[in-house]
Amino acid sequence: MGEMIRLTVFRYDPERDAKPSMQTFEVPLLKPGMKLLDALNHIKWELDGTLTFRRSCGEGVCGSDGMNINGVNGLACITPVAGLKQPIHVRPLPGMRVIRDLVVDMDHFFDQYRQIEPWLQTSTPTPEHERLQTPEERAELDGQYECILCGCCTTSCPSWWWNGERFLGPAVLLQANRWLVDSRDEATGKRLDQLEDAFRLYRCHQIMNCMDACPKELNPTAAIDSIKRKILARKS
Amino acid sequence: MKVRKDQGAARSGFEDWYWQRLSAIVLALLLPLPFVLIIAVYSGRVDQFGLLDLLDHPLSRLLHTLLILALIVHAYMGLKVICEDYVPHIGWRVTLIGAMLVVMSGFGIWWLAMIWAWGG
Ligand code: SF4
Ligand code: SF4
Ligand code: FES
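The listed protein sequences derive, respectively, from chains A and B.
So the first sequence is numbered by this note's numbering: it starts at 1 and just counts up by one.
So the second sequence is numbered by this note's numbering: it starts at 237 and just counts up by one.
Hints are supplied without guarantee of correctness; some may be wrong.
To be verified - Partial list, derived from the structure: chain B residues whose beta carbon lies under 8 Å from chain A:
1. 245
2. 249
3. 250
4. 252
5. 281
6. 286
7. 289
8. 293
9. 319
10. 321
Said to hold, decoys possible - Lysine-lysine pairs mimicking DSS-like chemistry, simulated, CA-CA at most 30 Å apart:
11. A/216 / A/44
12. A/31 / A/85
13. A/216 / B/316
14. A/216 / A/235
15. A/216 / A/31
16. A/19 / A/31
17. A/190 / B/316
18. A/44 / A/85
19. B/316 / A/230
Don't read these hints as lab results, they were simulated from the structure.
Beta carbons are placed, not taken as given, at the ideal position from N, Cα and C, and that holds for glycine.
Produce the entire structure from the sequences given, and follow the hints as far as they go.
So, in C-alpha cells, the structure goes:
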C-alpha cells in the first residue's frame, strides 16, 4: 500500500455520547495535491459512514466545510494534506454548539448576519435601468464582497467567544462594511446607527485572529477599522 | 450559545473608544517627561530645590494635570473593557465598574489637589 495519512477526528453525538472523543483514522494518500476534504470523504465513504460533516462545492465557494484543522480554522476542501502535521487534528469550529461531529449550530451566526440587513437599501426612485457604478466605485467592493460566510474568522475571535451574543464578530462586520462602501446603497446613516454600540462593534480589540483564519484572505480587521473611522468622521 | 432577540444598538461605545485613543496619545507625549526628570535628578543635574522649582512652574502643573487626567481616563477605560469582557454577570459588572470609577476619581482628585496646593 502507498503512503498513509493519519488523522484524529472529533466525534460527538450529543444524543448518545456523554462527552466528545477523538477517533483515529488512517487514509491512503489518494492523489497528489489531495485536500483534507478528500480524506474526510474517504473516511465517510469507505471506513465509517457515521462521520458527519458539512460540505458542498468542494472548491472553496460555498463556505460549508469550515473546521478547526490542527488548531487553525479553515476550509477542508482547499487545505492540502501535504502541508499538515500528522496526525491531523480535525475539530469543529470553536465557540459554537456541536450538533454532531464536525457539524456546528450556525443559527446565531446567520441571525447576526440578518441583523445588519445585508441587502441594497435605497430611498431614491428606482431608475429605469440599473443603478450604475463607476469602475472606481465598483473597486471599493473588492475585498468586501468575496466573503463566503464560512465562519472561520468569527469562531476564531476571542471577543466573539466571550461576548458573541452581542458582538457581531468579524464576518458580519465585514459584511456591514460591504454595504457601507457600496455607492448604490443609501442607508449609510441607518446602518451606522445600528452599528454604534459598545458590544456590537467596539468589542473588537484588534487581536487579528480573524485575518489569519480567513481562507479567502480577506481582512475583517481593516473593515472594522473602516466602520470605526466612519463613525468618527460622522461625529467630528 | 443562547440566541438573543435583537436589541438594536445602544448608540454608545464611540466615546469610550475615542477617549481611550485620545488619552493614549496624551500619555505617549507626556509620560516620558517624569522619567527625564528622574534621570536629571539622579545624574545630579537638578538638585532638590531645582526640582521643586520645576514642579512649581505653572506650565509644569498644567502638564502634570493633563498627565494625571490622561492616566486615569486611560486606566479606567482599559479596566472597564476588561470587566466587560470577563465579567459576564451584569450585576457584578456594573458594581465593579462603578467601584472603579469612584476609587479612581478619588485618587485623581487627591493627586490634583497635591499638584495645585504646592507652594501655594
Ligand atoms: S481583530 Fe477584532 S474581530 Fe478580528 S479576531 Fe480580533 S477582536 Fe475579533
Ligand atoms: S471573512 Fe473570510 S473567514 Fe470570515 S466568514 Fe468571510 S470568508 Fe469566512
Ligand atoms: S465545500 Fe464548499 S467551501 Fe469547502
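**Message:** Less than 8 Å between beta-carbons is the criterion; does residue 286 of chain B satisfy it with respect to chain A?
**Reply:** At about 42 Å, which exceeds the 8 Å cut-off, the nearest Cβ of chain A leaves the hint on residue 286 of chain B violated.
**Message:** Does residue 245 of chain B hold up as a contact with chain A if the rule is Cβ-Cβ below 8 Å?
**Reply:** holds, 4 Å
**Restraint satisfaction for residue 321 of chain B [CB to CB of chain A, less than 8 Å]** = holds, 5 Å
**Request:** Assess, step by step, whether the Cα of residue 316 of chain B is no farther than 30 Å from the Cα of residue 230 of chain A, and give holds or violated.
**Result:** At roughly 24 Å apart (the allowed maximum being 30 Å), residue 230 of chain A and residue 316 of chain B satisfy the hint.
**Message:** So if I understand the rule, the pair passes when the alpha-carbon distance is 30 Å or less; does residue 216 of chain A with residue 31 of chain A pass?
**Reply:** Given pair residue 216 of chain A, residue 31 of chain A holds - Cα atoms ~24 Å apart, limit 30 Å.
**Request:** May I ask you to test the interface hint for residue 293 of chain B with respect to chain A, counting a Cβ-Cβ separation under 8 Å as satisfied?
**Result:** violated, 33 Å
**Asked** Keeping to a limit of 30 Å between CA atoms, is the pair of residue 216 of chain A and residue 235 of chain A held or broken?
**Response** violated, 33 Å
**Item:** Supplied contact hint for residue 249 of chain B, tested at 8 Å Cβ to chain A
**Value:** Nearest chain A Cβ about 3 Å off; hint holds.
**Message:** Given the hinted pair residue 216 of chain A and residue 316 of chain B, is their Cα-Cα distance within 30 Å?
**Reply:** The hint is violated at about 34 Å.
**Prompt:** Does residue 19 of chain A pair with residue 31 of chain A here, judged by a C-alpha cut-off of 30 Å?
**Reply:** Violated, because 35 Å separates the two Cα atoms, which is more than 30 Å.
**Asked** Should the interface hint for residue 250 of chain B be scored as holding, given a Cβ-Cβ cut-off of 8 Å against chain A?
**Response** holds, 6 Å
**Request:** Under 8 Å, Cβ to Cβ, is where residue 319 of chain B needs to be relative to chain A, so tell me if that hint holds or is violated.
**Result:** Violated, because the Cβ-Cβ distance from residue 319 of chain B to chain A comes to roughly 12 Å (cut-off 8 Å).
In this structure, the earlier hints numbered 5, 6, 7, 8, 9, 13, 14, 16 are contradicted, and the remaining ones agree with it.
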